[in-house]
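A.B. asks: Just so you know, the protein sequences line up as chains A and B, in that order. Note that this note's numbering numbers the first sequence so that position 47 is 139, with each residue one more than the last. Note that this note's numbering numbers the second sequence so that position 136 is 255, with each residue one more than the last.
Note that these hints are calculated values from the structure, not bench results. Treat the numbers as computed from the prediction; the structure is a model and nothing was measured. Even glycine gets a Cβ: it sits at the ideal position worked out from N, Cα and C. Incorrect hints may appear among the rest.
To be verified - Covered stretches of chain B, going by a simulated chain A footprint (3 or more residues, C-beta under 8 Å):
| # | region |
| --- | --- |
| 1 | 127-137 |
| 2 | 315-321 |
| 3 | 346-358 |
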Amino acid sequence: MSVYAVNKLCRDALHDLAFREALKRDPAAAIAPLDLTAEERDALLAGDVARLYEWGCHPFLLAYLTRWDLFGLTVPVYSERIHAVRDERNG
Amino acid sequence: MAEIVAGFGVPHTPHFPALVAREGPQSEVALLYAGVAKHVAEAAPDVLIVFTDDHFNTFFLDNFPTFAIGVADATSGPNDQTPMPQYKVAVPSALAAHIRAAAIDRGFDITLAQNFSVDHAVIVPLHFLTPHMKIPVVPIFINGLAPPLPSARRCYALGQAVRAAIEQWPQSLRVGVIGSGSFSLEIGGPQVPVGERSGFPDPQWTAHLQDLMRDDRIDDLLDEATTARMLRAGNIGGELLNWIAMLGVVGKHKPRAMIPHAGQGHAFGVWRWS
Numbered sequence: 093m094s095v096y097a098v099n100k101l102c103r104d105a106l107h108d109l110a111f112r113e114a115l116k117r118d119p120a121a122a123i124a125p126l127d128l129t130a131e132e133r134d135a136l137l138a139g140d141v142a143r144l145y146e147w148g149c150h151p152f153l154l155a156y157l158t159r160w161d162l163f164g165l166t167v168p169v170y171s172e173r174i175h176a177v178r179d180e181r182n183g
Numbered sequence: 120m121a122e123i124v125a126g127f128g129v130p131h132t133p134h135f136p137a138l139v140a141r142e143g144p145q146s147e148v149a150l151l152y153a154g155v156a157k158h159v160a161e162a163a164p165d166v167l168i169v170f171t172d173d174h175f176n177t178f179f180l181d182n183f184p185t186f187a188i189g190v191a192d193a194t195s196g197p198n199d200q201t202p203m204p205q206y207k208v209a210v211p212s213a214l215a216a217h218i219r220a221a222a223i224d225r226g227f228d229i230t231l232a233q234n235f236s237v238d239h240a241v242i243v244p245l246h247f248l249t250p251h252m253k254i255p256v257v258p259i260f261i262n263g264l265a266p267p268l269p270s271a272r273r274c275y276a277l278g279q280a281v282r283a284a285i286e287q288w289p290q291s292l293r294v295g296v297i298g299s300g301s302f303s304l305e306i307g308g309p310q311v312p313v314g315e316r317s318g319f320p321d322p323q324w325t326a327h328l329q330d331l332m333r334d335d336r337i338d339d340l341l342d343e344a345t346t347a348r349m350l351r352a353g354n355i356g357g358e359l360l361n362w363i364a365m366l367g368v369v370g371k372h373k374p375r376a377m378i379p380h381a382g383q384g385h386a387f388g389v390w391r392w393s
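Let's have the full structure, built from the sequences with the hints guiding it.
C.D. replies: Structure follows, in C-alpha cells:
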C-alpha cells in the first residue's frame, strides 16, 4: 500500500501548479512517475474515491481533486461515489 | 507576571474572508466575527496564543506532529491558497520558547517548529479579530484531523500547562487565547450531503457542545468528547480539541458570550472575567 503517495498527490495538486496542470492535461502521464501500486493507479484514473477512501486516503485531501475536476471528479460525481463507502463511524 | 485576560472560540472557514469581502461589514458572518473582535479589543491582549489544527499544509503526513509549537520571530500565511490577503505576523519567540520548555517539563513532548508558515486555521481568525496583525501570536498545533487524535483530557491538560507557563512568565503581559475550529464538519467523506463536497452532519452535537460550555460543564465535555464521538460529527470534528485546549488555559469560567451560527457546525465564544 502506498496511501501516502495518493495523499501526497492530492496535496501537490493544491500546492504545485505545474503538477496540477499536468494532471489536467494527461493524468496517466502525470502519475506515471509516482510510487503507486497498479490498483491505486487504476483507482485514481477511474476517479474511484470510494476505494481510495477505504484504503485510508484522507478525505480532506481527496476532496481537493474536485476543485479542478481532476480524474473526472466533479463535485456531484465525487459526492455520489463517496456515499458508496461503508462508514465505519456508524459501527 | 503575565496574566490570562480572555479566551475566544471561532471558526476558520476558508471562504469566510471572500464571502465578507463580497457581502460587506453588515453581513451575518462579518457581524459574528465583529462581535468577538470587540471583546478582543476591550481585553487588549499583548499576545495571543492560537490553538490550531494544521490541514496538512505546515506539516504533512511524512512528519505530522500530535502537538507542535511555533518558536520563531514571525510567521506568515495563509500557505494553502485560501482566497484572502497574505499576512505576516510577529511571534514572541522568547515567550514561545518558554511555553515549549514549560510544557515539556510538565510531560508534553511538544514538537518544535521554526521557520514555518501557517494555514487558514490561524490566519482566518486573525484576519477578522486582529486585522492589522499588530498582536504577536504563538501558534500551538494540535492534530485534530488525522486519527488517532489526542484525547480531550490530554488537550485540556495541555491548555493547563500553557496557563501555568504563562503565569510563570516574569514580565507583565496580557495574554489572550484563541481556539480555532468547528464542532461538526465533514469534508470529502461519506457524510457530506448528496451533491456537495462538505456539510455539517451533526447540528445536535453542535448545539449540545455550546450548552456544555455555557454551563461550564468541563468534566462532561471532556467525558463526552471521545474521538469516536467527535468524528461522528464529521471527519473535521476533532477541531473541538482546539477549543478544549483554549478552555484549559481559560480555567473555570462561564463564557461571556456563546453565539450559535445558524445552519453551520460551529459557534462564536468569548470568555472574559474582569
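A.B. asks: Given that the region 346-358 of chain B was listed as covered by chain A, double-check it with a C-beta distance under 8 Å for 3 or more residues.
C.D. replies: holds (count 5)
A.B. asks: Three residues minimum, CB to CB under 8 Å: does the region 315-321 of chain B make the cut for coverage by chain A? Let me know.
C.D. replies: Result for this restraint: holds, n = 3.
A.B. asks: Is the listed coverage of the region 127-137 of chain B by chain A valid when you require three or more residues with a beta carbon under 8 Å from a beta carbon of that chain?
C.D. replies: That given contact is violated, which follows from only 0 residues of the region 127-137 of chain B lying within Cβ reach (below 8 Å) of chain A.
Against the hints set out earlier in the document, a violation occurs for number 1 only.
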